[in-house]
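Place chain Z on chain D using the hints.
Note that the protein sequences, when read in sequence, are chains D and Z. For the first sequence, position 11 matches number 55 in the numbering used here, and the numbering has no gaps at all. For the second sequence, position 227 matches number 230 in the numbering used here, and the numbering has no gaps at all.
Misleading hints may appear alongside valid ones.
To give an idea of the chain D side of the interface with chain Z (calculated C-beta under 8 Å), a few residues [claimed, not checked]:
{"#": "1", "residue": "Leu86"}
{"#": "2", "residue": "Arg142"}
{"#": "3", "residue": "Asp146"}
{"#": "4", "residue": "Ala147"}
{"#": "5", "residue": "Ile161"}
{"#": "6", "residue": "Val166"}
{"#": "7", "residue": "Ile265"}
{"#": "8", "residue": "Pro306"}
{"#": "9", "residue": "Val312"}
{"#": "10", "residue": "Leu313"}
{"#": "11", "residue": "Phe316"}
{"#": "12", "residue": "Phe319"}
Just so you know, the hints here were simulated from the structure itself, not pulled from any lab data. Built from N, CA and C at the ideal position, the CB exists for glycine as well.
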Amino acid sequence: MLWDALLLQMGYNATLVAIGATLLGISSGITGTFLFLRKRALVSDAISHATLPGVGLAFLVMVALGGDGRNLAGLLAGSALSAMAGLWCLNWLTRRTRLAEDAAIGAVLSVFFGFGIVILTVIQTLGVGRQAGLEGFLLGSTAGMLWNDALVIAGGGAATLLLILLLRRPMTLVAFDPEYAAARGISVSRIDMMMMGLVMAVTVVGLKIVGLILIVALLIIPAVTARFWTERSDMVVLLAGVAGGLSAYLGAAVSASAPNLPTGPIIVLMSFGLFALSLLLAPNRGVLAAVLRHLRFQRRVHLRQGLLALAQDQVIYEPLTLRLLRQRGLLRADGVPTEKGRARAAKALRDEHRWALVRSDQTHEAAAALYDGLREIETVLTEDQISEIDRRIGGPREVPA
Amino acid sequence: MNGAEFVPLSLTPLLIGIFAAVACALPGNFLLLRRQALIGDAISHVVLPGIVVAFLLTGVIAAGPMMLGAAGAAIAAVILIELIRRLGRIEPGAAMGVVFTTMFAGGVLLLEQTDTSTVHLDVEHALYGNLESLIWLDATGWASLLDPVALSYLPAELPRMALTLIGVILFIALFWRSLKISTFDEGFARTLGIRTNLLGLGLVITAAIAAVAAFDAVGSIIVIAMFICPPAAARMMSNRLEGQLGWSVAFAVVSAVLGYVLAGYGPLWLGATDAVSAAGMIATVSGLLLAIAARFGPCRHRAGAPAGI
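The following block holds chain D by itself, in its conformation from the complex (with noise of 0.2 Å):
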């Protein structure tokens, strides 16, 4: 079953639905970057929210005009002009009152979903057109997909992945550094603008996919997928895309292949799940490479207090520090320093005293810095510089007995 609407066996809708999944959740992660890295991904939250009072006005209007106020490209069109009001307060009120972004996302989310609910039950108890389903807009409803709504969101989707392609190097500039960017002549204020204007778009296509709670969490949690793989912004930009679109892909196939799985929630869950993935297992960022990390670097403190031990003659208590000097041969069974270990050990007592020597003289200062306890301090200087502060330390003296 799973297995047949994964590749894309279950049907003309839900062929249909996946398609147009697959297509917004590719748009939406690569749009959902941008905002991330310019550290606004909660606006998204409050465009999204805006757009409720835009659908049931729509739908208000549509029914007024004699039609039956289901029409999906009208209400996508008062969707967008609620969202743009939206953004409008949004900015107005960040700009020109004391209060912080959050704040008024917030307050725009709040009061701009507030009034599309009064909209909605207006709509309600009036009893006027067809209005079942408007309620879908809340939290998606896909099952009805028909081929003029899957034309719209590939349209919209393609349309949204075309701007980015146009914009997307002002946006990156802007994203991490919009004051070199603004030197550069570049409208920061435009540039976001237009920013918001990519997220209105995905948020509106996406609508009729996921809702519009929903929606928020496609725009944001590719993009921090994204982030844990790579350093490079035009690599997150292409992973979110991909986090995105598979995580749509999936979801829409899971959600076709059982009863009673709504498609917007299962694919925030694949969503997530990926999130989840990477974050534990990305090189670099991922937690499994930190614990691994911290492990590495816990063993060789361990070995090199164990060594510098030894060659003072210090009785070992520490039984991580034991074992590690066990397996790599260093130590004997019964606790006697072996031939290599003993070597080793001198070794590091006298690395000691040269990083002592390194660091108390003004001209080593660069490297002195870089003393941590556990660098070998050939790494750091050149053989003739050791060699010369060898001869300043003086011979090799007896390790006392």
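Relative to chain D, chain Z alone:
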């Protein structure tokens, strides 16, 4: 309108609305000043899975387990946000976005998976609340306020919301000085020996409790709106924390009363027959108040910034 109509039909929802609005607006002031305004938004989204899980575990729609579930989910979300922020080194806004959308999606999925046709538990209800239905049918007029028999049939939400409000006021009164100092100068507060982390956590938990209680009674829109709009409007009215708190309470009460009245009677005045969503209307009114305060309030600009920039 006389007492025989007003007391049973409008008094209790009105009071519940006022209590909920004030209970959310009070901690909202501190969250706003601490740049944590969106915590209210996050909490109100994550409460949904908590309520559904509580329902699945107990099998009953009862206030106790649901509030426990909601509070548990809120605390879990706060911990999860912090964990993801630290482990993944992600900025707080994005970490919050990841957590609350995922938990909300989980809640919706659970709702769809369980058979909710037999019980009154659905997403719309959770979002809009049902303020209008919290009526006190056993009251016959103002005299019922002194009638112990009628009083025992008060909607349970009213005393619960009143208790929550008292709890919130107590928390703020008890920790007033520490809250004030740590909100404006966290470093200084720490040098005075104030446990700022603990205090911040206490504030978030207080906010979560207020949110959960209000969510149960009036839906999530009011919660988000009241956490932010009255304090934000009050911020334009005063430079002093005391003044801001006072203004925010006033704005919250006005929003609740005006919103409820407009929702209930506004359509009738316009010739329609049915009321519109009270929760939505209260949020709308609070937004209008914020707009007016942001346009005309005496303290609407950042300190030191010249007007008009």
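We went through each hint and held it up to the structure:
no.: 1; hint: Leu86; verdict: 5 Å, holds
no.: 2; hint: Arg142; verdict: 4 Å, holds
no.: 3; hint: Asp146; verdict: 5 Å, holds
no.: 4; hint: Ala147; verdict: 4 Å, holds
no.: 5; hint: Ile161; verdict: 3 Å, holds
no.: 6; hint: Val166; verdict: 6 Å, holds
no.: 7; hint: Ile265; verdict: 5 Å, holds
no.: 8; hint: Pro306; verdict: 5 Å, holds
no.: 9; hint: Val312; verdict: 4 Å, holds
no.: 10; hint: Leu313; verdict: 6 Å, holds
no.: 11; hint: Phe316; verdict: 4 Å, holds
no.: 12; hint: Phe319; verdict: 6 Å, holds
Of the hints listed earlier, there is not a single one the structure fails to meet.
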